[in-house]
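J.: Okay, here's what each chain looks like letter by letter:
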Amino acid sequence: MISHLPILQVIIPLLGAPACLLLNRPNLAWLFSILVSVLTLITSIALLMQVQAQGTISYMLGGWEAPWGIEYRIDFINAFVLVIVSALGAITLIAAKDGISKEIAEPKQPLFYVSFLLCLAGLLGITATGDAFNIFVFLEISSLATYTLIAMGDDRRALWSSYQYLIVGTIGATFILIGIGLMYMMTGTLNIHDLAERLPAVTASNAVLASYAFILVGVALKLALFPLHFWLPNAYTYAPNIVTVFLAGTATKVAIYLLIRFNFDVYEISAPQFKYMINMVFITLGIMAVIIASWTAIYQTNIKRMLAYSSVAQIGYMILGFGLDSVSGLQASLLHLFNHALMKGGLFIALTAVALKLGKVELDDLNGLAKKMPWTFAAFVIGGLSLIGVPLTVGFVSKWYLVVAAAEQQQWYIIGFVLLGSLLAVIYIWRVVEAAWFKPPKELQNAAGNVTATTSREAPVLILIPLWILILANIYFGIDTRFPVSISQQAAQLLFGGA
Amino acid sequence: MILDLFNYWVVIALMMIGFFIVIARGNLVKKIIGLNIFQTSVFIFYISAGKVNGGTAPIVVEGAKLYSNPLPHVLILTAIVVGIATTALALSLVIRIKANYGSVEESVILKQDKL
Chain D
1 MISHLPILQV IIPLLGAPAC LLLNRPNLAW LFSILVSVLT LITSIALLMQ
51 VQAQGTISYM LGGWEAPWGI EYRIDFINAF VLVIVSALGA ITLIAAKDGI
101 SKEIAEPKQP LFYVSFLLCL AGLLGITATG DAFNIFVFLE ISSLATYTLI
151 AMGDDRRALW SSYQYLIVGT IGATFILIGI GLMYMMTGTL NIHDLAERLP
201 AVTASNAVLA SYAFILVGVA LKLALFPLHF WLPNAYTYAP NIVTVFLAGT
251 ATKVAIYLLI RFNFDVYEIS APQFKYMINM VFITLGIMAV IIASWTAIYQ
301 TNIKRMLAYS SVAQIGYMIL GFGLDSVSGL QASLLHLFNH ALMKGGLFIA
351 LTAVALKLGK VELDDLNGLA KKMPWTFAAF VIGGLSLIGV PLTVGFVSKW
401 YLVVAAAEQQ QWYIIGFVLL GSLLAVIYIW RVVEAAWFKP PKELQNAAGN
451 VTATTSREAP VLILIPLWIL ILANIYFGID TRFPVSISQQ AAQLLFGGA
Chain F
500 MILDLFNYWV VIALMMIGFF IVIARGNLVK KIIGLNIFQT SVFIFYISAG
550 KVNGGTAPIV VEGAKLYSNP LPHVLILTAI VVGIATTALA LSLVIRIKAN
600 YGSVEESVIL KQDKL
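Chains as they are written, first to last, in the numbering used here: chain D, 1 to 499; chain F, 500 to 614.
Check each hint, because a few of them may be wrong.
[What the hints assert, rightly or not] Facing chain D, according to a computed beta carbon distance under 7 Å, are these residues of chain F, among others:
no.	residue
1	544
2	545
3	581
4	592
5	595
6	612
Hints in this document: simulated from the structure, not taken from any laboratory.
Note that the coordinates shown come from a computational prediction; the quantities given were computed from them, not determined experimentally.
Beta carbons: idealized from backbone N, C-alpha and C, even for Gly.
Next comes chain D alone, as it looks inside the complex (with noise of 0.2 Å):
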């Protein structure tokens, strides 16, 4: 059982899949997604353990041997990426009931948990495997399953989201799938850790170049890396609320870990111009993101857009970390890529609260919420705080690290964008604690006749519980740091030492 561990993690939640799916019931097919979701957690808690104890996993698919069969390959990195994916989606998942019985029709409620669970499956199984065509295919899983997810949202838009995100998306897919099909005509191998191996003696022709852009652009493009993220704010603000709060903590993490593999596990780029030029890129692509999407998150008048926008600059971050091409950048790209997603976790799912009261969650409609909702809005407070980097919060840490890093190869301004980018979120950020904590309430008739007549003011518990989960863990984490600054770090190690 044990030593099945890597293949476990994805089959239960592809399994689990169609099995809800039979159920057809609402709150069965949540429950039992629920217990799917944490089987997985507790799954991906005992893969990271192995790893610290015995060093790197390999399985082989079916007993077939590396080179030829498909291998699943659980170093320190890729167990941290699926111990953040499957966290997020039993989280995610527990508070997903009352926001979905809401937004989606009851007969299609069952089919929201069968698309959320391939979706699961999907980006564990990116994370997990070793082989360059599988990436392909789970990205394609998570993908469809994804553009389902999103044109649920009760928003005619979402339909429209989804629609430019399925164009962008198999564009993106299609071109790493020509990257991989370059390497291999190279290489004559799928596994990752053997296309590592080989690629060196191959690296100045230009299939590989070629095959290294192709990659590049493709990964980019799930990312939302800066000036391909123009799907990425319509996605997040018209897809349902919880399906948001999943996206924002995994689909972009996933992909960022796909792009330290390439970059720095299978590629290893010998010319020292080309590296040059390929990390001055990141750099100015990460800082553009920093600094637009915040200056333009300022100007959004709906929250979720707000937190979308917000979320471009985040990878902005960690892309600038990867571009310092060091053991420190990289330590403070893959700790920015757990915090991210505790605080975007949890301010999402705190407007999944406010939307439940409200049905939207324009600015206007905030004033004066606070009072009503105090716990919802004192989580947001505390997110918002973590989002901006201030101490004692896991925003801070990561950030932290970013300086240091930046100041470690003398790069001085990278550290006055990083600062300014922070300086632009306590802006947005205030201007929502601003509305919901210090002005007056509008007339009650705001809150449409239904709102009023709830006995309970506050959000639901089921949506509590796990909101105060991701922001106590915010706290905690940015207090106690020995857990991701120690597995971050012999990650970054690994990538370094081995590639």
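Put chain F on the given structure of chain D with help from the hints.
T.: Showing chain F alone in chain D's frame:
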């Protein structure tokens, strides 16, 4: 020389045609057709990559010494299935878009909603 790489020229031509349609056409169904052409070019690319000059189909028979590489062909079967699933999903989205907006033209849809 150029004819040696005939397959790859076709791949690039199809890829660019498909890509152009996706970007330039405003009709949602035509965009999907473009996407399909784009994907098909990649299928041909893989299949060409698996061809070994003078090799036969990879079935063990008397007298055959050289075989084509079957692996890219098998991979691309998977990619074709993925392509079909994507097309089906995209078309069903277009049906719902048509039901909600009354049109499948990008410009008409964008005019109705601020997006």
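J.: Now tell me, hint by hint, if it's right for this structure.
T.: These are the hints, each one checked on the structure:
1. 544: Hint on residue 544 of chain F: holds, closest Cβ of chain D at ~6 Å, below 7 Å.
2. 545: 5 Å, holds
3. 581: 5 Å, holds
4. 592: With Cβ-Cβ at 5 Å, under 7 Å, it holds.
5. 595: Residue 595 of chain F check passes; min Cβ-Cβ to chain D is 5 Å, inside 7 Å.
6. 612: 5 Å, holds
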